[in-house]
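Chemist: Listed here are the chains, written in short residue letters.
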Amino acid sequence: MLEISHLYKKYLNSERFSVEDLSLSLKPGEIFGFLGQNGAGKSTTIKCLTGIYPFNSGTITICGYDIQKDPINAKLNMGYVPDNHSVYEKLTGREYVNYTADLYKVSKRDRNDRFDRYVSQFKLTKAVDSQIKSYSHGMKQKICIIAALIHNPRLWVLDEPMMGLDHQSMAEILKRMDDHCAEGNTVFFSSHNLDLVAKICDRAAIIRDGKLQDVIDLHIKGNKETLEKRFCEITATEQDIINERTLLRRG
Amino acid sequence: MNGNIRTLLRLEIKNRFSAYSLTDYKSYFKLLFTLALVGVIFYAIYWVAGLFFDMFLTGGMLYEALVLVVTAIFLFMLFTGISSTIKVLYYKGDNEILMRYPVSGAEVFISKTLFLFLNQFFITAIVMAPFLWAYGEVSELGVSFYAKIPVPILLMVFINFFLSNILAIPIMHLTNRIRNKFVLIIIGLALLVTAAFALYMTIFNGMVTYMNDTEFSVFSDDMVEVIEGVCKWLIPSRYFADIMVGKELYVAYPALIGLTGLSLIGMILIIYFLYAETLLKNVEVEGSAFKHVTRNRRRPIFITLLRKEFLQVFRSVNYSFQYFVLACAMPVMVYFCNEITGRLGKDQVGEQIALGMTMLVMLIFATVITSFAATSTSREGDNFYHTKVAPVSIRTQLFAKFTMFLLVSVAANAVCAVVLYYTKQVGLEDALWLFAMVELAAIGETLIAMRMDIAHPYFNLSGEGEVVNNNASTTLAVGMGFAVAVVVGIICMFLGYLGNTGFSIELPYTDANYEPMKLAFTTDIMYYVVTAMVVIFFVGAVLGYTIGLKKAYNKIAK
Chain A
0 MLEISHLYKK
10 YLNSERFSVE
20 DLSLSLKPGE
30 IFGFLGQNGA
40 GKSTTIKCLT
50 GIYPFNSGTI
60 TICGYDIQKD
70 PINAKLNMGY
80 VPDNHSVYEK
90 LTGREYVNYT
100 ADLYKVSKRD
110 RNDRFDRYVS
120 QFKLTKAVDS
130 QIKSYSHGMK
140 QKICIIAALI
150 HNPRLWVLDE
160 PMMGLDHQSM
170 AEILKRMDDH
180 CAEGNTVFFS
190 SHNLDLVAKI
200 CDRAAIIRDG
210 KLQDVIDLHI
220 KGNKETLEKR
230 FCEITATEQD
240 IINERTLLRR
250 G
Chain B
0 MNGNIRTLLR
10 LEIKNRFSAY
20 SLTDYKSYFK
30 LLFTLALVGV
40 IFYAIYWVAG
50 LFFDMFLTGG
60 MLYEALVLVV
70 TAIFLFMLFT
80 GISSTIKVLY
90 YKGDNEILMR
100 YPVSGAEVFI
110 SKTLFLFLNQ
120 FFITAIVMAP
130 FLWAYGEVSE
140 LGVSFYAKIP
150 VPILLMVFIN
160 FFLSNILAIP
170 IMHLTNRIRN
180 KFVLIIIGLA
190 LLVTAAFALY
200 MTIFNGMVTY
210 MNDTEFSVFS
220 DDMVEVIEGV
230 CKWLIPSRYF
240 ADIMVGKELY
250 VAYPALIGLT
260 GLSLIGMILI
270 IYFLYAETLL
280 KNVEVEGSAF
290 KHVTRNRRRP
300 IFITLLRKEF
310 LQVFRSVNYS
320 FQYFVLACAM
330 PVMVYFCNEI
340 TGRLGKDQVG
350 EQIALGMTML
360 VMLIFATVIT
370 SFAATSTSRE
380 GDNFYHTKVA
390 PVSIRTQLFA
400 KFTMFLLVSV
410 AANAVCAVVL
420 YYTKQVGLED
430 ALWLFAMVEL
440 AAIGETLIAM
450 RMDIAHPYFN
460 LSGEGEVVNN
470 NASTTLAVGM
480 GFAVAVVVGI
490 ICMFLGYLGN
500 TGFSIELPYT
510 DANYEPMKLA
520 FTTDIMYYVV
530 TAMVVIFFVG
540 AVLGYTIGLK
550 KAYNKIAK
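In order, the protein sequence lines correspond to chains A and B.
In terms of numbering that gives the first Met the number 0, the first sequence opens at residue 0 and continues consecutively.
In terms of numbering that gives the first Met the number 0, the second sequence opens at residue 0 and continues consecutively.
For the record, the hints were derived by calculation from the structure and aren't laboratory data.
Check before you lean on any hint, since a few could be wrong.
As the list claims (entries may be wrong) - Straight-line C-alpha distance at most 25 Å; calculated DSS-like pairs for lysine-lysine:
hint, chain 1, residue 1, chain 2, residue 2
1, A, 9, B, 290
2, B, 549, A, 9
3, B, 554, A, 68
4, A, 68, A, 26
5, B, 180, A, 132
6, A, 125, B, 180
7, B, 147, A, 125
8, B, 554, A, 9
9, A, 125, A, 174
Said to hold, decoys possible - Example chain B residues on the side facing chain A (calculated, C-beta under 10 Å, incomplete):
hint, residue
10, 219
11, 246
12, 248
Even glycine gets a Cβ: it sits at the ideal position worked out from N, Cα and C.
Please take these sequences and the hints and turn them into a complete structure.
Modeler: As structure tokens, then:
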């Protein structure tokens, strides 16, 4: 579904690689969590695979389509929810979703079915004909999600989707992720929430300083329980270790 | 003044002048440049005001001229005062941030009010100074006039400040009510801009006539009567003028002091009863969103991209004004400018340069409109990622943006050509030729402006996600457009003059048996040369836009 092979990305005027030799392979029907501290390279990786950022070397294929060589077909198979839930706020929710649906060539029948289903599932029925600028943070996130799903993408990419959401909204998104995977699609999302990843993901990858450190299969017994410990081991700095030892000494 | 109020006031002032913080040599240069520019503008206003007062002096209406100027400044200051009050006192984001600090609501209010008052005072003084300086010189009233000025200025500042506070809340409500009536706003603003421009050009026309013959009074007896009649009823602004010239002081002083007191009471009542409620009700943001019930509809990709571009501009008062309103007003502006420049030219060098003048005027206005394209990418702001993740080629997306600019410029230029033809300012063939030339230049300028924005986008949006400050690309686009207009316009005028006067050059010829050959300039040469220049510019712009476009766009990493 998604193949990232030896990805290297360096920003202009930067001396180090933000993503270095990163390779990943995602299977159909799985929810894949992407973990890392702030600045580890999660968002950069996601922005490279969605076509937002150009990258220095490596390949990224989505459903067999190379994002650099055949970007249109690669993007047609992907839905993306950004971390800042930016949308065209002068449009109404319906206008925005229809705009996205047009770009992804969604038939009228499919868009009507999906639109009604998602709007009802995310409880946006009353707000959908209002301008997006009147929406709350959570509502904007939900309209982004509906727009990303309107073409039923094979790969659904979300960059820290739960940030700032209430419990109810998170539950609605998690339910949608589950349903999407049950249809044979793949969900790839970045998060800081280890419990959430342990709870819903099939596999999780941990990235540090732009390098992939580990890919953990959460179906293997014991891995869910030890995910946090493993994450801390990988991402801890020397100072973190000193602090921890000091705390232990103090009992 | 307590410490918190002083700190908040300093913060407000710093925030207002943040663009001029002196940190490096560039910032010093910027400040110096701004001051020099203000100086030049100040002197230009002083010069024009002198001419204006001279013109009225010849007609025996110097006092009326002062009343008209004071009225215009009073209205202008009231308008800017209301606008500043709404922004400073009721702008939600700003208040939210300040309320997080350990300061009371009263302290925030007092600091902001003080800032508004100081702002109003300085702007009034700066705006009035060149006019009053010019009036003092023309009227030859001398020191006695300047000694009488401070009191009416202070009264004007107080009255405007109090009235601004009274009117801010109702105007906010009214603005929010009509905010989403976009067609109404565009038509209203277009009419307003056109009327203001027509008034300006009429005054300018009078000044031009007066400059040609300073002995001649541009005012007929009827007009003098009308102006004198109107000035009598310009209350309260005529009282400011009365105090300045020492006329009917027994009426002017009590009237203005009474108005100051009344407006102060009105302001206190409004603030006491409505300020907190207005802030809490958050009229500014809530009232600005609208509901528009539609059905799901499938559109072709290009149409949906074009529609999105249109709605993004159409649903923004700022953008609509910058773009659609100016485009709507362009034909009227071109008509007036052409009329006056034509008349100027007629008395000087004949009708030979009329077509070149029209070309110059049309190109200048086309530049103003096309400069909006210099923010075509920047205006995406935080939504820029949409253009990268969408399964639509960058060229198609940019072509949709370009098409919107093209449709507007074609419509504006076509209406201009029709107006020029039907008002008999140019013939049919010339109207068609002008349309073709200006449109080609406008397309070229649009492409260059778009390309400059792609090379250096400016994503720093504010408020409702809009570009409020022009980026460097806009300044460059305007500069380039004006340069094109001047070069093409002047060459068109020059060749038109040569062609119409039958100018010819004798070619050197060695054989004495033949008549010497002459190269006679005809107007055809003007058409050929100007067409060639515009076509070369157009082709250059298309190439400059196309070459390396995809690479440059992909480099943008928002």
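Chemist: Check each numbered hint from earlier against the structure, then list the numbers of those it violates in ascending order.
Modeler: Numbers 1, 7, 10, 11 and 12 - these are the hints that the structure violates, sorted from lowest upward.
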